[in-house]
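The chain contents come next:
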Amino acid sequence: MKNGKYRRRLFIYFLTSVMGLLFFTVSDSHGQLQTLKLAIPQKGLFDTTMPTLMADKMGFLKEAGIKPEIFWTSGGAETVRVVTVGSADIGISTGTESLVTAFMKGSPVRIISAQMTGSPELFWIVRADSPYRTIKDLDGKSIGFSRPGSSTHMILQLAVDHYKIKAKLVPVGGVPDSFTAVMTKQVDAGWSSPPSFLDRIDKGEIRIVFKAADLESIKDVTLRVNFVNASFYEKNAKLVKSYLNALKKAIDYMYQNPKETAALFAEINKFPLSVAEAGLKFFPKESVALTPVSRVDFSVDLALKLQMITKAPTEEELKKLIVAE
Amino acid sequence: METWREKTFRWGFFALVVGAIEVVVRLNLVDRIFLTSPSLIAVAAWERLLSGDLIGLLMTTVYEAAIAFGIAVIVGLPAGFLLWKYPLFGRAYDELLGALFASPLILLYPIFLVIFGRGISAVIAMGCISGIIPIVLNTHQALRDVNQTYIKVGKSMRLTNGQTITYILFPAAWPIIMGGLKLGLTYTLISIIALEFLVEIGGIGTLASKGYYWFNTEELYLGVVGAIFLSMIFIYLLGKAESRLFSS
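Chains as they are written, first to last, in the working numbering: chain A, 832 to 1156; chain B, 14 to 261.
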């Protein structure tokens, strides 16, 4: 009697285990998602963060058979190294000159698409009580950028040349660090990206002294690109293309549904919705288009000028580096 | 006295490691963006020595470290003495300092930048704070560990307080105090070079940072080698000062 009860219980356990195993196997075979490791710089920035997160939220990545695994980085060299070593498969929105430099120094990277062209969103701020009104007033003063090789570094170099001023360029780090450096007078002006500090500009605590959009010469220059580890690309070109398609869908969706985009942007950055909505106006759709990767010669010239590379890449080398359509 | 066997083992192992790295890099077994060959680092060092900027960077770090460590010693030794002299303070602050010593003080660097500005004052202050704590803790510990019999003997010989401190307390406590000074120096140097790397202010850490961000691996490792070189020189000088003090 006791033995029968024991056997019955054992049978129920067995049956439950088999059913559980079957359930997981079936659900997994239905899913068949391939993990894609993404290195995304500076969480919260519009072009680095929003397309992928929107693609994930709207299920575009899942449709493409992709399960994203995100690594947040501080940008530039860190993103390139993470992808070079294979810890991440794809690096998002990284300075073009950083990629050119890394490639010329033997790093196995390939540019798969543009992510920011012209960078019209970046601006430089000063304290409200600062005597400086325009970038020309900053001659001989200190101006902050994020990190060497970043797009803020590129734009600042170009601005200094364009306006013929001699300024001390100081690497201050991310947006919050830049703001602290400005407010505590460590630097005379610092960079920012919307919607960060738009509310403080409205309140009159800080002022915009220069916008990257003012620089005509960079309007068609792709300053930040998406890139991939070369050996990963050789084996997974189709997956990479599926990811880019999902990103493109997400970008289209973002501009067709600005309210939803602002809500997600506000949620990620913990901003009020109104601030996020104001921030979106800084990003015209064409600036975040994935194609074309244009005017790479501009980044090459700058990398040469800054002595980041000693010789320009040849046509063949550029063809090898840029696999974007 | 160091024997030739010890020297052979030390330098033999060093040569083996350097040789292995050279071979691994030359055979392209590792990406040059992560590791470069010692011979290429030597070439980069030579070029920078000729241009004069390597000496400038090294001297900046030496200057920052010397000032920071000097202040740490001037403040740390008397502070440790006071913690021993007034046991209530000793009991009150010892654990707190111990906890601070174990914490990553480098994370406070933004506050130092705000207080001291984005310049070498912030680097010196950061290095100084990191160096003071082990000096205070070890001085306090060393004085507590002095055998009370020595002090009683001093008293029986009617030594003044000053004489007791000079001839009994500090000589007896010196080995542990010296340990604290060595730790203090190490922590000072680590903080200084780390802050130079993080905010690109000043000396050899800036060189490593620039090398890192511009994918110039030789420059990155030259910065690292420079930091090790400075650390060895400082520890050597401290050892020399110790042997001079004990021999006099």
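Because the hints were derived from the structure by calculation, they are not lab data. Remember, it's a predicted structure, so these values are computed and weren't measured experimentally. Hints may contain errors.
Unchecked claim - To list a few chain A residues with every Cβ distance to chain B over 10 Å, as calculated:
| id | residue |
| --- | --- |
| 1 | G907 |
| 2 | R912 |
| 3 | K936 |
| 4 | P939 |
| 5 | T965 |
| 6 | D992 |
| 7 | P1002 |
| 8 | D1008 |
| 9 | K1016 |
| 10 | K1080 |
| 11 | E1091 |
| 12 | D1128 |
As the list claims (entries may be wrong) - For each label pair, taking beta carbons as the anchor points, the in silico distance ranges come out as:
| id | chain 1 | residue 1 | chain 2 | residue 2 | range |
| --- | --- | --- | --- | --- | --- |
| 13 | A | E900 | B | L258 | 40 to 46 Å |
| 14 | B | N41 | A | E900 | 49 to 55 Å |
| 15 | A | K1116 | B | L29 | 41 to 47 Å |
| 16 | B | K20 | A | H993 | 31 to 37 Å |
Every residue, glycine too, gets a C-beta built ideally from N, C-alpha and C.
Hints, verified against the model:
no.	hint	result
1	G907	violated, 6 Å
2	R912	violated, 7 Å
3	K936	violated, 5 Å
4	P939	violated, 7 Å
5	T965	holds, 23 Å
6	D992	holds, 19 Å
7	P1002	violated, 5 Å
8	D1008	violated, 7 Å
9	K1016	violated, 8 Å
10	K1080	holds, 34 Å
11	E1091	holds, 35 Å
12	D1128	holds, 20 Å
13	A:E900 / B:L258: 40 to 46 Å	violated, 58 Å
14	B:N41 / A:E900: 49 to 55 Å	violated, 29 Å
15	A:K1116 / B:L29: 41 to 47 Å	violated, 59 Å
16	B:K20 / A:H993: 31 to 37 Å	violated, 60 Å
Checked against the numbered hints above, the structure breaks hints 1, 2, 3, 4, 7, 8, 9, 13, 14, 15, 16 and satisfies the rest.
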